[in-house]
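**Q** The primary structure of each chain is shown beneath.
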Amino acid sequence: MILKLIKEIKKGDLFLVAVLIVFCVLWFLPKGGDGNLTAEIFLEGECVQTVALSDLKEDRKLTVGGCEILLQKDGVLFLHSECSDKLCEKRGKMTNAGDAMACVPQRVVVALTSEKAADFDSVVY
Amino acid sequence: MKNKTKILKISLSVFLVSVLILTALFFSERSKRFEYGEKNTVAMGTILTQKIYSDNPANHISHITSIVNSLESTISWREDASPVSSLNKGNSVSDTALSGVLFSCIEISEESGGAFDVTIGEVSKLWSIGEENERVPAQAEIEAELGNVGYENIIIGNGEISLSSDCSIDLGAVGKGLACDYIMNYLKATDDVNGAVVSVGGSNVAYGDYNKAGDKWRIAVRHPRNENGYLGVISLDEGFVSTSGDYEKYFEEDGKRYHHILDANTGYPASSGIISVTVVCDSGLLSDALSTACFILGEEESKALLEKYNASAIFVNDNMEISVVGEIDFEAY
Amino acid sequence: MKTKKVAFLGMMGALALVTGFLENLLIPDIPFLPVGAKPGLSNVVTMYVASVMGFPGAVYITLIKALFALITRGATAAFMSLCGGLLSTVVTCILLKFGKKYFSFWGIGVMSAVMHNMGQLAASSVISGTPVLINYGKYLLIFALITGSVTGVMLLMIVPRVEKFTVYYNKNNSRK
Numbered sequence: 001m002i003l004k005l006i007k008e009i010k011k012g013d014l015f016l017v018a019v020l021i022v023f024c025v026l027w028f029l030p031k032g033g034d035g036n037l038t039a040e041i042f043l044e045g046e047c048v049q050t051v052a053l054s055d056l057k058e059d060r061k062l063t064v065g066g067c068e069i070l071l072q073k074d075g076v077l078f079l080h081s082e083c084s085d086k087l088c089e090k091r092g093k094m095t096n097a098g099d100a101m102a103c104v105p106q107r108v109v110v111a112l113t114s115e116k117a118a119d120f121d122s123v124v125y
Numbered sequence: 001m002k003n004k005t006k007i008l009k010i011s012l013s014v015f016l017v018s019v020l021i022l023t024a025l026f027f028s029e030r031s032k033r034f035e036y037g038e039k040n041t042v043a044m045g046t047i048l049t050q051k052i053y054s055d056n057p058a059n060h061i062s063h064i065t066s067i068v069n070s071l072e073s074t075i076s077w078r079e080d081a082s083p084v085s086s087l088n089k090g091n092s093v094s095d096t097a098l099s100g101v102l103f104s105c106i107e108i109s110e111e112s113g114g115a116f117d118v119t120i121g122e123v124s125k126l127w128s129i130g131e132e133n134e135r136v137p138a139q140a141e142i143e144a145e146l147g148n149v150g151y152e153n154i155i156i157g158n159g160e161i162s163l164s165s166d167c168s169i170d171l172g173a174v175g176k177g178l179a180c181d182y183i184m185n186y187l188k189a190t191d192d193v194n195g196a197v198v199s200v201g202g203s204n205v206a207y208g209d210y211n212k213a214g215d216k217w218r219i220a221v222r223h224p225r226n227e228n229g230y231l232g233v234i235s236l237d238e239g240f241v242s243t244s245g246d247y248e249k250y251f252e253e254d255g256k257r258y259h260h261i262l263d264a265n266t267g268y269p270a271s272s273g274i275i276s277v278t279v280v281c282d283s284g285l286l287s288d289a290l291s292t293a294c295f296i297l298g299e300e301e302s303k304a305l306l307e308k309y310n311a312s313a314i315f316v317n318d319n320m321e322i323s324v325v326g327e328i329d330f331e332a333y
Numbered sequence: 001m002k003t004k005k006v007a008f009l010g011m012m013g014a015l016a017l018v019t020g021f022l023e024n025l026l027i028p029d030i031p032f033l034p035v036g037a038k039p040g041l042s043n044v045v046t047m048y049v050a051s052v053m054g055f056p057g058a059v060y061i062t063l064i065k066a067l068f069a070l071i072t073r074g075a076t077a078a079f080m081s082l083c084g085g086l087l088s089t090v091v092t093c094i095l096l097k098f099g100k101k102y103f104s105f106w107g108i109g110v111m112s113a114v115m116h117n118m119g120q121l122a123a124s125s126v127i128s129g130t131p132v133l134i135n136y137g138k139y140l141l142i143f144a145l146i147t148g149s150v151t152g153v154m155l156l157m158i159v160p161r162v163e164k165f166t167v168y169y170n171k172n173n174s175r176k
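As you go down the protein sequences, you meet chains A, B and C in turn.
Note that my numbering numbers the first sequence so that position 91 is 91, with each residue one more than the last.
Note that my numbering numbers the second sequence so that position 120 is 120, with each residue one more than the last.
Note that my numbering numbers the third sequence so that position 2 is 2, with each residue one more than the last.
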């Protein structure tokens, strides 16, 4: 019976199904991670540096307001800071678009953004 | 032959029409969002993140920043000139805003059986968690200060506030939520802000809409053990969300974690088996205070408290089990 | 002659409603489905009627389904059913009329399911005012591919078997 059914299939059917499958594959392709992660560094409320992380060919170190910041392709972290509480160093690496971390005593804030909007508007912590 | 062309024409047109519809829908999605501006600054000893959906966001952003800064000069015990500092030095203080805040704190202290208590200042200083000199104080030291702790020592009368013992007030557990209330009042009073979501050191206030469809705000809850992960997302129309967790400020010694949320009854970091609790409610001060109280009390003991204030909460215990008390539109990851 | 038409349509209409109802009973069992996705078994009836009676008959079945949705599930469901159904029926009839050479019931079934979903997607966007649902359209597409194939293949098997009835019906009702 299956043979009989297969005989019924026509050119258009195959074409249509092929096109749809292609559509689905394309539509479902993961967009290469969050794509285009950008780090914005603020000192005293003003943005002093913007770094496109995804364009980095190798890790980069920046010193802003007494904080040594390490920028990598997939995230940022505070390597060292002159502050007293070292909470910023303890935070570790931040990798998500829409998130932010800071060295409060030095008034340095690092925020990550990306072209594709994050899945949320804010974070509660 | 005629049929062949006809089929092709028709299928092509159907295809084109569908593509057109899809494209139109896609582009109209873009245009539905309001104009907005965002800024990250350090204020009130923490990160102030603002997203203001308005045609003139810069104006509001700077207003909100000053609101938070000036609130800090009123309620921070670290600022020498603040009314709280004066109060802590033993003076009588006359400040309506501060009285109001303390009244609420006293009420929550009563309802939480004293677990939450803003008079814990001196004990907190012994620990100094999150600062350079963080340490585990000796039991005797804690007990000495604990004797002075107690919300009944806050005397408010005739417009004057005073303390009847050697305790000191630390509004750290409610300050951020309070700032959120001030921000909400400001936002409600302006008329050219379509919507806004502001995070004061993690305490969030969500107001209005960010797009014309009136979609809900989505606020991700930080994962208590994975600093780049999230527990899930809370969706809400307008309101306040705050979290208390043992991962925000802590240090470890001899394999034990000492976090910054002290139980005012014991003088030690609370250990109710909860590692994170997120409270959603219609008051900033409450969401902040309740998250602290619930963290200290644990899930079972918090239920009555939450119900009294019409608040809801998401509890995470030390087995990473998540439990929602009350109604929250929460999508776990 | 008209009586036969009415009787036939009446039967088909009932059949469509019943299959629709039955498949709703099946739905809860499958947890990973996006909201609103259905196997679309009642589409088999619509397509069959389309192949026998052409556009008018198929439209009737579509309308009956929408009306049933209105009565049992409310205006929103009815609007969605109508949009999806009409788009699907129109496309199905076009393919049946001109595409017999290139498409078998399989392709027509798939096209029918896809169009039905697109119509519903558009309808829900109109209702909620947000086109955010595009994201969701991806899943519907895959789903439609599968369900369309199922209904299409079902028809491939059914139609030859009801051939006798179809022929009898055609003999007594000159269909173009």
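Don't read these hints as lab results, they were simulated from the structure.
Heads up, a few of these hints could be off.
Stated by the list, open to error - Think about it this way: if two alpha-carbon atoms lie no more than 20 angstroms apart in a straight line, the pair counts; the simulated SDA-like pairs of lysine to any residue are:
id, chain 1, residue 1, chain 2, residue 2
1, B, K249, A, K73
2, A, K90, B, E248
3, A, K86, B, K32
4, A, K90, B, H223
5, A, K73, A, D85
6, A, K11, C, I146
7, B, K216, A, A118
8, A, K90, B, K216
9, A, K11, C, K138
10, A, K116, B, V136
11, A, K86, B, E145
12, A, K4, C, K138
13, B, K32, A, A118
14, C, K100, A, L62
15, A, K61, C, M157
16, A, K86, B, K216
17, B, K249, A, S84
18, A, K93, B, K249
19, A, K90, A, L62
20, B, K125, A, L20
21, C, K138, A, V25
**Q** For the pair we were handed, K90 of chain A and K216 of chain B, check the Cα-Cα distance against 20 angstroms.
**A** 33 angstroms, violated
**Q** For the pair supplied as a hint, K4 of chain A and K138 of chain C, is the alpha-carbon distance within the 20 angstroms limit?
**A** 32 angstroms, violated
**Q** Please verify whether K86 of chain A and K32 of chain B have alpha carbons no more than 20 angstroms apart.
**A** 42 angstroms, violated
**Q** For the pair supplied as a hint, K61 of chain A and M157 of chain C, confirm whether the alpha-carbon distance does not exceed 20 angstroms.
**A** 68 angstroms, violated
**Q** Check the hint pairing K216 of chain B with A118 of chain A against an upper bound of 20 angstroms on the C-alpha distance.
**A** Holds, at about 15 angstroms.
**Q** Quickly compare the C-alpha distance for K32 of chain B and A118 of chain A to 20 angstroms and report which way the hint goes.
**A** The hint holds at about 17 angstroms.
**Q** Given the hint that K100 of chain C pairs with L62 of chain A, test it: the Cα-Cα distance must not exceed 20 angstroms.
**A** Violated: K100 of chain C and L62 of chain A sit about 68 angstroms apart, past 20 angstroms.
**Q** When you check the alpha-carbon spacing of K86 of chain A and E145 of chain B, does it fall within 20 angstroms?
**A** 27 angstroms, violated
**Q** Are the Cα atoms of K249 of chain B and S84 of chain A separated by 20 angstroms or less?
**A** 14 angstroms, holds
**Q** Take a quick look at whether K86 of chain A and K216 of chain B sit within 20 angstroms of each other, Cα to Cα.
**A** 36 angstroms, violated
**Q** Given the hinted pair K116 of chain A and V136 of chain B, is their Cα-Cα distance within 20 angstroms?
**A** This hinted pair is violated, its Cα atoms lying about 45 angstroms apart.
**Q** Decide if the proposed pair is consistent with the structure: K249 of chain B and K73 of chain A, CA atoms, cutoff 20 angstroms inclusive.
**A** Given that 20 angstroms is the threshold and the Cα spacing comes to 28 angstroms, the pair is violated.
Of the numbered hints listed earlier, those contradicted by the structure are 1, 3, 5, 8, 9, 10, 11, 12, 14, 15, 16, 20.
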